[in-house]
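Read top to bottom, the protein sequences are chains A and B. For what it's worth, my numbering labels the leading residue of the first sequence as 46, then goes sequentially. For what it's worth, my numbering labels the leading residue of the second sequence as 7, then goes sequentially.
One should not assume that every hint holds.
Some but not every residue of chain A turned toward chain B, in silico, with C-beta under 10 angstroms [as the list claims (entries may be wrong)]:
no.	residue
1	Tyr81
2	Gln83
3	Gly86
4	Gly88
5	Leu89
6	Leu91
7	Lys94
8	Phe107
9	Phe134
10	Leu146
11	Ile147
Computed footprint of chain A on chain B, listed as stretches where at least three residues anywhere in the stretch have a Cβ under 8 angstroms from a Cβ of chain A [what the hints assert, rightly or not]:
no.	region
12	48-60
13	77-86
Hints in this document: simulated from the structure, not taken from any laboratory. Beta carbons are placed, not taken as given, at the ideal position from N, Cα and C, and that holds for glycine.
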Amino acid sequence: GDSVTQMEGPVTLSEEAFLTINCTYTATGYPSLFWYVQYPGEGLQLLLKATKADDKGSNKGFEATYRKETTSFHLEKGSVQVSDSAVYFCALAAMDSNYQLIWGAGTKLIIKP
Amino acid sequence: DSGVTQTPKHLITATGQRVTLRCSPRSGDLSVYWYQQSLDQGLQFLIQYYNGEERAKGNILERFSAQQFPDLHSELNLSSLELGDSALYFCASSAGLAGTNTGELFFGEGSRLTVL
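One chain only, chain A, in its complex shape (with noise of 0.2 angstroms):
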């Protein structure tokens, strides 16, 4: 079945850092993916999304491309900030899961000032 596998956390870097998040995925056909972040004390909110092959999703400073070659969907950030510290989950929606989302196990992100 389609799943999304994505780097173990918590994921530690100071004020400035570039970032990388990898995100995986095994699914048949061409799902869309997605980046949602979950800030503290706070429910889940999209970040960004990709909906074919090449595809670059771009939202407050973070980037994503959709890899098919790789089956890879990575966040990245050029220059992370205090306030980027949260929670990251990597999902996708495929036709064959009747496009339900299914969920990476997140990854916990902590920027140090």
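Start from chain A and add chain B according to the hints.
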């Protein structure tokens, strides 16, 4: 503000008891989803309703049930509570129907259940 409202925000109860969590979706959204988030942050899909009908079922225990009412609000009922049911319960809503869902869900702030 996502537009999804959940009540209560916090709930403390004892083992064996029953509780009801309530969710009001964003205005105009017909789909409601319930998720359980455990302390280790994992997100478990429980159940989805669309316009009053159950659409998809995840890892929902038999002790749990849900429904969506004609005004589109939804309730999640948890009974015979056990210590392991302590978690954050999120409601989310979307405009679309499963099968055409583009994946964008709007989440409430959650109801934190503590079972003692």
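Hints, one by one, checked against the model:
| no. | hint | verdict |
| --- | --- | --- |
| 1 | Tyr81 | holds, 8 angstroms |
| 2 | Gln83 | holds, 8 angstroms |
| 3 | Gly86 | holds, 8 angstroms |
| 4 | Gly88 | holds, 3 angstroms |
| 5 | Leu89 | holds, 5 angstroms |
| 6 | Leu91 | holds, 5 angstroms |
| 7 | Lys94 | holds, 7 angstroms |
| 8 | Phe107 | violated, 16 angstroms |
| 9 | Phe134 | holds, 7 angstroms |
| 10 | Leu146 | holds, 6 angstroms |
| 11 | Ile147 | holds, 9 angstroms |
| 12 | 48-60 | holds (count 4) |
| 13 | 77-86 | violated (count 0) |
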